[in-house]
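> Residues per chain, in single letters:
2 protein chains.
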Amino acid sequence: MERVTPRTLSGFMELLPEQQAKMEIMREALRNSYALFGFTPLDTAAIQSAEVLLAKGSGETEKQIYRFMKGDNDLALRFDLTVPLAKYVAANYGKLTFPFRRYQIGKAWRGERAQRGRFREFYQADIDIIGDGSLDSMNDAEIPAVICHSFRSLGLSRFTIRFNNRKVLNGFFAMLGIEGASAGEAMRTIDKIEKIGRDKTLILLINDCNMTETLANELLDFISFEGTTAQKIEMLEGRCGVNTLYDEGVAELRRMTECLPSFGVEATNFMLDLTIARGLDYYTGMVYETIMTDYPEIGSVCSGGRYDNLAEYYTDKKLPGVGISIGLSRLFYVLDEQGLLNEAVQSAPADVLIVPMTEDLPYAAAVATVYRAKGLRTQIYTEQKKFKQKLSYADKLSIPFVVLIGEDEIKSDSVSVKNMVTGEQTLMSAEQSATFISEALEPAYNEKIIREKI
Amino acid sequence: MERVTPRTLSGFMELLPEQQAKMEIMREALRNSYALFGFTPLDTAAIQSAEVLLAKGSGETEKQIYRFMKGDNDLALRFDLTVPLAKYVAANYGKLTFPFRRYQIGKAWRGERAQRGRFREFYQADIDIIGDGSLDSMNDAEIPAVICHSFRSLGLSRFTIRFNNRKVLNGFFAMLGIEGASAGEAMRTIDKIEKIGRDKTLILLINDCNMTETLANELLDFISFEGTTAQKIEMLEGRCGVNTLYDEGVAELRRMTECLPSFGVEATNFMLDLTIARGLDYYTGMVYETIMTDYPEIGSVCSGGRYDNLAEYYTDKKLPGVGISIGLSRLFYVLDEQGLLNEAVQSAPADVLIVPMTEDLPYAAAVATVYRAKGLRTQIYTEQKKFKQKLSYADKLSIPFVVLIGEDEIKSDSVSVKNMVTGEQTLMSAEQSATFISEALEPAYNEKIIREKI
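Chains as they are written, first to last, in the numbering used here: chain A, 1 to 454; chain B, 1 to 454.
Bear in mind the hints are in silico, worked out from the structure with no lab data behind them. Incorrect hints may appear among the rest.
Since copy identity is lost for identical chains, a pair holds within one copy or between any two.
Below are the SDA-like pairs computed for lysine to any residue, each with C-alpha atoms no more than 25 Å apart in a straight line [said to hold, decoys possible]:
(1) Lys386 x Lys418
(2) Lys56 x Gly131
(3) Lys70 x Phe12
(4) Lys232 x Gly184
(5) Lys396 x Tyr445
(6) Lys70 x Glu121
(7) Lys374 x Arg27
(8) Lys318 x Ala251
(9) Lys388 x Lys411
(10) Lys374 x Ala50
(11) Lys374 x Asn32
Please put together the full structure from these sequences, using the hints given.
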C-alpha cells in the first residue's frame, strides 16, 4: 500500500498526552473562573460567511484569514472570537438579556507566518459584557477581579494587571490642544514608550504628531508620573474640572481602584499605568494589560478594554461592552518554554491501573467499578505481557497506583495496592483501597497548573 | 454605515445561552465519564493537509469535505475525529505508550445537504483504545461499560447497547460456504433487516448475494434467533468447533457478557443482536450500537467497534483498536426536539445576582467575593434601572437568588436574600447566605441533563 506521511502542518499545535492533560487543566480552571463571575458559555460557529467576518474589512486580517468557496458560498474560518460574538449578539438581539455576559474558550485561525510561539490554529479564552445602549462602569471595575481570579486559579500570583483609561488620555490630549488625527497618532505613539524609551518617544511626538518639544514633554511628564496607584489618581484628580471626558475617566479609575480590594485583588496585582493606550482605535475607556512579573519580555498575557460599539457593522443598536482575551495557546507555549508548568499536577491518564493476574476478569471489573464510583480514573491492564512490562506501562504513564489481583487477593476478597513512587504494597479491601488511593491523590489534585519558581 | 446582515449559515449550530449551558453540561458529563475509564484527552488540529485526510480516498467523503488552498498548501477541515487520530498515532508512535486510550470531544465538518438534525459543523465525542500489534479483547468488553456510564451520567437509563461480533458473522458465513465478495455483500444486506424486514432481506440475499433460498433462510434463522443474551450465546456455542474465527468471536462475546454485570451494566441495558453488522468494512470484531428504548426511530446514538488497522494509510505498524463515537450535536438536537432536556438543571448564567441599592459598591464587591470563594456563580447588577427591571433581569435569566444590599443591610453587616421562586426574603450575614444559597441549589446541581418521561 502506498502510504501518506502522517505530518502535522507547521503552526498547528498537537500536544502529546501529558501536555494535553495540562492544557485541559488550564482550560478547566479558566472555565471555572469565568463561570464564577457569572459569564455564560457561548459557542459560535468556526465557519462563518466571509462577508460577515470581513464586514469591518481590515486589510491585515484579510490576508491572514482562511477563506474558501463551498458551492456558491464564500466562507471563512473565524480569526478571533469577537467578530462572531458581535454577529451573534446582533442576530439574537431580541432573544438576549442585557447586560449579556459570555465567555468563550475556542479556536480561531490565522494564516500568519509560522514562528515560535505563534500558531495558525490557536485557542482564545475571552469574556465580554455587552450592554444594550449603555453599560455601567462597575462592569469595567470587575474585569481586573476576573483576571486576578483566573491567573490565581492557574497558580500564578506574580503578575500585574496594568490599566489605564482612554478617556483620561483623550481628555488630557484635548486639554493640551491635541485633537483629531493628531490625538490618534499620539495615542499610538505613547503606547510605544515602554519599548523604545522616553527619548525616542519624544522625537516621534515632535516629528509624527506635530508637537512642540514643550508640549511633548508635558505629555510625557504626565504619563510618566511616578507613584503608587493612589498617588497617580490623586495627581489626576488635581487636574479635574477642565475637560468632562477627562473627569469621567478619572472617576472611573477611582471607582475601580476603590472596588478592587473588596474584589480580593491584592495591591501587588494591579497598577495604574498611564502609558498604556492599547493600539486599537476600538477601545474608548478602561484598557487592561497583564504582565507576568518575572517575564515582562513575554508581553501582555491578558488584554482588553471598554468599547462603545460591539456590532456596528451588523446593527444600528448601540452595544457598548468591555472584555478581555487570553491567548491560551500562546500562554501555554510560553509557560512550557519557561518551565512553569507544574510537574506535580495529575496529568496521567488514570489514577489507578488494575492488573489482573488470573483469568477472573469479572473480579477485576468489579474492583474497577468500585473505584470509578468513587471518582477514581481507572484502567484495567490485560495485555499478554510479562509482569515487569505491565508495571512499566504504569510507570511510563505516571499512573500513581497499581492494583494487583491474584489468587490470594480473590480468595481473601481484597486487592494489593502498590504505590508506584514508594514501591510500598498493601493488602486491603477494594472499598478501603478506594479511600486510601483517593486520599493519597488529594495533594496532586490540589496542585495548580503553574508552579512559580520564586 | 453600510451594514452586513448578521446571519448564521444553514447547518451551523449557534445555541442561545440557556441551551448552550445545557450543551456544556452534556459535554462535561461525557468528559468525566470518559476520564473515569482512563481515557486521556486529545486535541487534534481542525485543519489538516488534504493529502493526509484523504489518504483513504473515499469518494463520498471527498465531496463533503471543506477543502481549500492557502498559499501552496492544499488543506482541509477534519470530517471526523478518527482520521486525525490515525495520523496522530502514526506520527507520534515512538512517543506514545500502548494501549493508547484517548477521548476527544471536538468539532468536525461535512458540507452535507443541510437537513433537520444534520449539521455541517458538529461535535463528536469519541473514545478509542489503540494497541501496538495486538489488543486484548478485554478492552472490547469494557466498551459497553463506558457507554452505559456515559448515558447514565447524562440521566438516560432507558437505552439498549446492542452488540454483535463480526468474527461470528464472518465465521458463520464461511461455515455456510459464503466467502469473499459474497460475504461482504451478505454483511451489508443483513444489516438492513431491522429496517426492511425479513422477507425483503431474504429476496436481497437470494438476488444480490447469489444464495439459494435454503441457505438464505438458514442465515436468517441464525441471526434472528430469539432469546436472552445468555440463550443466544448458548446457541452460538452449540455450533463451535468448526470454524476458528467463529469460535474466537463466540469466546469474545462470552467474555464480554460475563464481565458486564461486574462493570455495573444492568441486564436491561445490553443485548446481543446477531443482526447488527455495521456497514463499514473497517470493523473486524465486536460492533456496538446504542438505541434509546423509547425512541428507536432516532437510530443509534452511540456506535463503534473493533478494527484491525487504525493507521494503515500512514504506517506499516499494525495498530488494532476499538472505539465508539457519540454524535453529540445530533444527540443534543434530538433530545431537545423530544423534550428530554431537563429544565431543572442549572442553566442560568449565575446562582446569585447581587443588587446594590446604594453607592457603596465595595460592600457589594466584598459580598460577591465571599460568594465566589464558596463556589457560587455571582453577578453584580449596577445598571441604572428601576428596581422592578433589576428583578426582571434575574427573572428572565432564571437566576434563582437575588441579594439586595441597601443601607440597612450595610449598617447591620448583612444582606437580604430573595428566593426568586418563592419570593421569600431573609436577612442574614454574607457568610450565612452563601451556605444558605449553596444548600438550596444542591438539588438543581444534582439534576442530570436528560429527564426521561417515563
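> For the identical chains here, do Lys374 and Asn32 meet the 25 Å Cα criterion within one copy, between copies, both, or neither?
Intra 22 Å, inter 12 Å, cutoff 25 Å: intra and inter.
> Checking Lys232 and Gly184: alpha-carbon separation at most 25 Å within a copy, between copies, both or neither?
Close inside one copy (23 Å), not across copies (79 Å); limit 25 Å.
> Are the CA atoms of Lys70 and Glu121 at most 25 Å apart within a copy, between copies, both, or neither?
both (21 Å within a copy, 13 Å between copies)
> Between the shortest in-copy and the shortest cross-copy C-alpha distance, which are at most 25 Å for Lys388 and Lys411: within, between, both, or neither?
So Lys388 and Lys411 pass the 25 Å test inside one copy only (24 Å; across, 69 Å).
> Is the C-alpha distance from Lys70 to Phe12 at most 25 Å within one copy, between copies, in both cases, or in neither?
both (23 Å within a copy, 14 Å between copies)
> Measure nothing new, just compare the shortest in-copy and cross-copy C-alpha distances for Lys396 and Tyr445 to 25 Å and report within, between, both or neither.
This pair counts as within: shortest intra-copy Cα distance 20 Å, inter-copy 37 Å.
> For Lys56 and Gly131, with the copy left unspecified, which applies at a CA distance of at most 25 Å: within, between, both, or neither?
Classified as within; 21 Å inside a copy, 50 Å across copies.
> Indicate which option fits the pair Lys374, Arg27 if close means a Cα-Cα distance not exceeding 25 Å: within, between, both or neither.
both (24 Å within a copy, 20 Å between copies)
> From the Cα coordinates, with 25 Å as the cut-off, is the pair Lys318 and Ala251 best called within, between, both, or neither?
within (23 Å within a copy, 68 Å between copies)
> Given identical chains, is Lys386 near Lys418, meaning Cα to Cα at most 25 Å, within a copy, between copies, both, or neither?
Intra 17 Å, inter 64 Å, cutoff 25 Å: intra-copy only.
> Go through the copies and call it for Lys374 and Ala50: within, between, both or neither, with a Cα cutoff of 25 Å.
Neither. Shortest intra-copy (49 Å) and inter-copy (44 Å) distances fail the 25 Å Cα cut-off.
Of the numbered hints stated above, the single one contradicted by the structure is hint 10.
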